[in-house]
Structure formats: C-alpha cells, structure tokens
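Number of protein chains: 2
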Amino acid sequence: MQLISSSENKAIKLASSLKVRKYREATGMFLVEGWRSVHEVLGRPELIAAIIATEGSSKEVDWDRLSADKIVLVEPRLMRQICATENPQGIAAIVRKPQWSWEQVTAGDSLLIYLDRVSDPGNLGSILRTCWALGVNGVIMSRGCVDLYNPKVVRSTMGAILNLPVLPEAGTAEIVALQQSGYSVVVTDAEDGRPYYDEDFKVPTIIILGSEGHGVSWELKALSKATINIPVEPEVESLNVAAACAIITAEARRQRQEGREH
Amino acid sequence: MQLISSSENKAIKLASSLKVRKYREATGMFLVEGWRSVHEVLGRPELIAAIIATEGSSKEVDWDRLSADKIVLVEPRLMRQICATENPQGIAAIVRKPQWSWEQVTAGDSLLIYLDRVSDPGNLGSILRTCWALGVNGVIMSRGCVDLYNPKVVRSTMGAILNLPVLPEAGTAEIVALQQSGYSVVVTDAEDGRPYYDEDFKVPTIIILGSEGHGVSWELKALSKATINIPVEPEVESLNVAAACAIITAEARRQRQEGREH
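Taken in order, these protein sequences are the chains called A and B.
Throughout the first sequence, residue numbering follows the working numbering, covering 1 to 262 in sequence.
Throughout the second sequence, residue numbering follows the working numbering, covering 1 to 262 in sequence.
These are computed hints drawn from the structure, not numbers from a lab.
Fair warning: there could be bad hints in the mix.
As the list claims (entries may be wrong) - With a straight-line cut-off of 20 Å between C-alpha atoms, the simulated EDC-like cross-links for lysine to aspartate or glutamate are: (1) A:K152 with B:E86; (2) B:K152 with A:E86; (3) B:K152 with A:E212; (4) B:K225 with B:E174; (5) A:K152 with B:E174; (6) A:K152 with B:E212; (7) A:K221 with A:E169.
What the hints assert, rightly or not - In silico contact screen, one side only, chain A against chain B (beta carbon under 8 Å); selected entries: (8) P121; (9) G122; (10) R129; (11) P231; (12) E233; (13) A243; (14) R254; (15) Q257.
Only a predicted model underlies this, so the values are computations on that prediction, with no experimental measurement involved.
All C-beta atoms, glycine included, are put in the ideal place defined by N, C-alpha and C.
Let the sequences and hints guide you as you build the complete structure.
Structure (structure tokens):
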C-alpha cells in the first residue's frame, strides 16, 4: 500500500479524469464510488485496476482478494477531488469496463432489450438493475444514449453494470441482423399496437424501448413486425421508460418460466 | 400583475420557504417548478395560490384561466432564490396541496398501494407516476416516508401529484380497518411468498411495498394473509421498489381488465 497526499499522483489524476466520458473512453475504465458498490466490485477482482481509500476506511475492508500494490491510501481531501458525489464515503475503485461480445449476448433463445436514445442516467441505471434481476440476456444501446459509465448510472445500477452484458453504440443494422437470424423485433409505443401481455415472448426476442421524450424512432418502427403498448388511463400521457421496461420484461420472464414448467 | 424586485416581498418569502417540509406543512402549500409541471397545474386552477414568472417567461403563457392578481412577475435572481433546481426555467407556482378523504380513496373495489417508509424521493415520484397511469385508486403512505411534496418528488411525478389521491401519515391501524372492511392485504417480500401473478387482485386489495433498505415491517407482515414476491435471478438481491410497484400494479390492472371483459 502507498499513502498519497499529492493531487499530481498518477492514480489520483486518472481517477479524477474518469468523471468525463472522453477519458472513460480513452482508458476503458470507470470509477465506482462508495462502500456498497466497491463491495460488488471486489467480487470481480480481475476488473479492478486500483482501490482508493482513506486510511480510516481501509481498515474496515478485507483486502485478502487483492494484491497490496492495487490499494492506494489517500487523504480525505483527495477523495473529494476524485469522486462525483458531494460527500464521498472514503472508498472508490478504478475499474476496467467489462467486455462482452455480440455472439455471447445474442446466442440461444435470448431475451434482449434495445434502448433507443435513453438519455436520463437514473432511468438507464434503473433499467439495467431490473434487466439483471429479471434475467435479460443482454441490453443493447443505440448511439445517443447516456454513457453507460456515467457516475449516476454506475451508482444506481449496483452489481448490474458488472454482470449484465451490455453492448453500446449499436444501430438499425444490428437490429436487422438479429431479425434476419430469427429474432422477433418488438417495438413499444405509447399509442399503437396490442397490449404487451398478448405478445409471445417465448421466442428469441428483442424489445425496443424509446427515449423519454420522443419514443422509438421511425426507422425502428418501420422494420419491426410487432408493436406493443402498456394500457394506461386515458388522461395519462405515458409511463416512465424504466417502469415500462420493468412491466414488459416481467411479463416476458413469466411467459418463459411457464414455458419451462410445461 | 405586479413586478417584484425585493426578496422581502411576501409571495417571494412564502415561495422560498416551501423548500422546507416544516413550512409546507404549516401553510398546506408546495412549490411547482418549470414549464412542464406548471402547465399541469394550470389544469387545476382552483389549487393555484400564485404563479411566479420572470418577465420573459410570462409572455409565453396563456393566462386566460387565471386572474391577474395571482401572477407575480420577478427578476431572474429572485427566481433562483425561490427554486430548488439549480437552473430554474423562469416559471414556478405556489400550489395548495390537494385534499383527499379516506372514504373517497377506499370506496368500492379499490386497488390501493401502501408505502412502508419509502425514503427515496426519486422512487416515490416514480411510484406515484406509475400508479396514476395504471389506474390505482389511491396511495397510502406510512409515517417515515419521504415528504410527498419534496421538490424532487414534485418534479418527477408530473401530473400524478395533482390527480392521484394520496393519504400520508397512515399506519397499522388503518390497514387493520381496511382488512376488517373486506380488503385483501397483500405484502411484498423479496424472499417469501408466491409469485405475484398467482395472487387474485380482482377483489378490493391493498398492496404493501417496503422501504428500499429494510422491506416491509414485521407488524404489517404479521397481519397480512397473503405474501407475494417477484421471482428474480438467484444472484440478485432484490428489485428497486419503484420497479416492483410497476410490475405488480400492471398485473393487478391486467387481471381487473380481463375481469371486466368476461
């Protein structure tokens, strides 16, 4: 372990830079803040580049799974410089982005979620957490979505970001390829289509959810053969995209579960 | 209309005080910020105590439904003092809390949601929006929940806070009374009970959702005759309470819709 007091230290400079998407993309790393999230990361030690902790915090951690040279002790003021949260908890981790391949995610009779320009980090975090819990095989994100490794997303996903396969920067071409390989492409719409519970989710399926403001793009609507909606009260405009994702994904899981039992 | 430039003005002082729960409770009012939310409020003019706008913003509003003495024009710096958001949009409203009676909310074969110490404002906002969209008849909140009129809740609920009946400050006694009057009291649990889709929601039902950290209290678990869960992947601890609410409420709505069609 090393005790760092200079903000010019390499690990400190790297950690601080990871607030900015450009540097997360250049380094392939992101920052995880706080006890609960760092605890999740310790379950994937191969992804850890460094753990940064104040001296007080470091005493409460069981470091057995980690080699000493990966642990950086810092003064509390450096912790505040590194973290995006206003009152950091005294522990953070520099983590390598998990890597997933297209083949891995789309193999078998997968249930996939495609996010079309979902821009709110809270919504993305909530969607990833729900998808992980409900056994979605992978989440595919369009260009124009909020960055998967945005500090707010990381904070709200808990373990999902480490364990749920996510493929960013995909587009219409990838959806067409899935459709040609036998996937049912299901578009969600606030006004059009049939109730989600009348759709068959037991086949390989990709469910397309739209942005908070604009819904699903017309290109994706045009190529899909199935449109579904969630029936809501007439005076209400629409559901939040994270709530819609939870409702539809739970129905898909239920159908698949019943299919297995019969 | 009056143009105000002093932070000592009564309307300005009232509006600024509404950031604090104590003053919201003392006055029975709360603050609504931004275009989209104020637009919703204009649909309920009887609840409006005052609209506060910068001169530039005021020109873009159709004030027909509101008497001139309810409109307060202010300098932009006063707007920043009033609002909880960092970059206010130039419009806000002082709104009277809607009043709902216990009888109104529990009459008929209602579907009700009870929130047991839900403390995260984002979760409460999302739950209210979902419940409104899915036709829940009322939301009942325990003591210890985040304040319904917390600025973050108000911002994330959109119209729900004005139109969905909510009864705060309820407890076990109210749940017992509902049970005695024929309600099915259904407790959600991360580990126990049967899958939510095996529960009958067509009878008058109150669904109890627990706090993010601790779940439903043992008193409520003890008095309930039905426990349900949402099946999740074994390595995942639990779903977010707002996602759980969306999934269970959507199932209840579906059952009730099917009941009506047959």
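**Prompt:** Which hint numbers doesn't this structure obey?
**Reply:** 5 and 8
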